[in-house]
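Undergrad: Could you put together the complete structure from these sequences and hints?
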Amino acid sequence: MDSQNKFMPQDYIPIMIQSFIVLGFVLTTMIMTHLLGPLRKSKAKLENFECGIEGMGNARSPFSVKYFLIAILFVLFDVEVIFMYPWAVNFRDLGANGFLDMLLFLGLLLLGFIYIVFKGALKWDNS
Amino acid sequence: MRLEDFLLMRHELLLTLIAIIILIAEIFTDDFKKQGIRPLSIILMAIVTIVGFLPAPTGTLFGGMYQATDMRLMMKNILNIGALIVFIQSASWLKSDDNQNKVSEFFLLLISTLIGMNFMISSGDFLMFYLGLELATIPIAALAAYDRYSNKSSEAGIKLILISALSSGILLYGISMIYGTVGSVYFDKVSVAYGATPLQIMSFIFFFTGMAFKISIVPFHLWTADVYEGAPVNVTSYLSVVSKGAAVFIFSIMLVTVFQNIAAMWKDVMWITAAITMTLGNLFAMRQNNLKRFLAFSSISQAGFIMLGIIGGSELGMAAVVYYILVYIFSNLGAFGVIAAISNASGGKENMSDYDGLYKTNPALSLTLTLALFSLAGIPPVAGFFGKFFLFTAVAEKGYWWLLTIAVLNTIISLYYYLLPVKAMFINKAETSIAYFKSDGWTKVGLIICVAGMVIVGFASVIFEYIRTLSFGL
Amino acid sequence: MTFLFYLLAAVAILSALMVVFSRSPINSVIFLIICFLSIAGHYILLNAQFLAVVHIIVYTGAIMVLFLFVIMLLNLNTSNEPHKSQLTRITAVITGGLLLLVLIAATKDAVLIQAKNPADYNIGLVKQIGQTLFKQFLLPFEISSVLFISAMVGAVMLGKKDSKKN
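Protein chains in written order, with the numbering used here: chain S, 1 to 127; chain H, 1001 to 1474; chain Y, 2001 to 2166.
Don't read these hints as lab results, they were simulated from the structure. Misleading hints may appear alongside valid ones.
[As the list claims (entries may be wrong)] Heads up, simulated DSSO-like pairs for lysine-lysine below, C-alpha to C-alpha not over 30 angstroms straight-line:
(1) H:1095 - H:1349
(2) S:123 - H:1398
(3) H:1398 - H:1189
(4) H:1033 - S:119
(5) H:1398 - S:119
(6) H:1152 - S:123
(7) H:1095 - S:66
Keep in mind it's a predicted model, so treat the numbers as computed, not measured.
TA: Laid out in structure tokens, this is it:
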């Protein structure tokens, strides 16, 4: 029982080995393709392939700020969810008090979410 | 939580409550009824300000993490007054077409910064302090960029958020060193265990640097002028008065409690920075033509004067700091109120040369601005004189004669540039001065409060005596 | 363990340097991701498993996506960053180096406090964090919701197009 509940950094060695294998596989394949494959440089070969249509303009045109608004709201709710893991694990321990605390937290955030929806910040097309 | 606990935290809880009310009002009302949000927010804020003054118990909560003492309650009340005046002064500005559909956001963000400041002032540990500080600065950055169609406003927002992130990073680095050497984040434990090992001194330097950015003390003041110039006038006034006041309050509290063991060291650091801050702020203020930039540099040098009281470090010094902030709120908001009124009425005229001959056309506004500038300069009949006088007394009491000499010299220099706008308004001749305009009710009320504050706070010695009785309850 | 620490520290420092030195902003972001991953590795070495996972989810996941968005939003095609003069560079190197020197000198002899319970490997688990967060640090937790709301309101206020104005 006691040995089961002990969490040591060594427990992460399998994960480490796996990530090394993944990294090694990717690196090896990339290096091998470069080494094994024939190298042909021609104008047609180096051009971007866009379903047969000739590429035009610049690929790096600045795009709408709407994406950014969605992304930043996503980050906010992402961080909010982080707080829920420790709460969920301790749910029984914390009892009714913990539930009320979380309710207050989530209530405020829900209000913020309703504000976002009513303001139409998540609507894509508001012409 | 028991009822007494709610009473202890009444400032923060009431502010949170009105933030929620405003948010609900914004969500669930139609466009027509939204007109009512402006007066609603101002009235709610006025109620909170008044309720804050009612006598209430003091004590600590959450195991010392939240501390409510008489002094800290007084500080919160002073900030509430400042915020209320800013609310009233921005009422007519918010009515314009550009701002009409983000009125509640303005109030909401200001109230959330106020919540942050209140928690920061009441904090009993570094975690609460840091969270309050972040809550007090991040929404302000959004407000500095409030004027979305102006490049300068966006620039101010970006600069403010970058600088506040940088300074918070430095501050956190210092706090992490403190935790590493002491092993606790609670103020009372840190203050006992804090020695003068090299790492702890380093941690204090980092902490000081972080706070110096927020108060804009001289080597770290470079952001101030650009942000103050770019942000909308009402946001600038809030930034220069309420934000700065809150940072000064918590900084002075922490210096005399948490860092009491190294008082001799931080007094040396403060001595030098205070002298540089006063002098450089004054020298740069002389060369400004834009009135917002002018007031930005003036507020830098005012920060230097406020540091005198902290260096005094005594009961008198603390009372002088709190009293000076109260006076500063009325005087600076009076000056900014006039500038905001003129800027809104004349389509953004903020340069000193635009004010030529203003007395002929708008005598009431000119007199208010004159009074406010006199108070900032510390000319006898108004409250600013008494504020400066007490600060000087606090330093003289401890025998910092050189510092006192520098401060007095700087006061004389500041007289020169504070009188420049006065000269423009009363003496300079202009072919086309700003035409006469009628301010609306809210602006008048805001300015009347400021004028009344400048006169009453100066003459009613009860106020200073009252603050002085509090200061041992840090 | 010590070897792992040095490996992770070296990776973190090198990738952090690459963030600053690489020419393309996209490359900087990739190196920042590597830097964050190695810092997550440090957290695991310190028995702060929850923190490590959160760090990967929030920083390497969400915030890096935001960084990429910002790079896309800005038009960074032409590098028009003004070059700093030689004098500025030299002064920056000198002041930065002096700060580093002082910091090293201060940390060299520092007496750090001992961990309260070094044998307790459970300290960084989700359960322990929850116990601390919802009992001792309840107030900061609740205040953070106000911070979230003001961030939402600020983001919507700045990012949303006015329906009335073109």
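Undergrad: Hints first: check each against the structure and report whether it holds.
TA: Hints versus structure:
1. H:1095 - H:1349: 19 angstroms, holds
2. S:123 - H:1398: 63 angstroms, violated
3. H:1398 - H:1189: 28 angstroms, holds
4. H:1033 - S:119: OK: residue 1033 of chain H and residue 119 of chain S at ~16 angstroms, within 30 angstroms.
5. H:1398 - S:119: Roughly 57 angstroms separates the two Cα atoms, so the pair is violated.
6. H:1152 - S:123: Given that 30 angstroms is the threshold and the Cα spacing comes to 29 angstroms, the pair holds.
7. H:1095 - S:66: 27 angstroms, holds
Hints 2, 5 from the list above are not met by this structure, while the remaining hints are.
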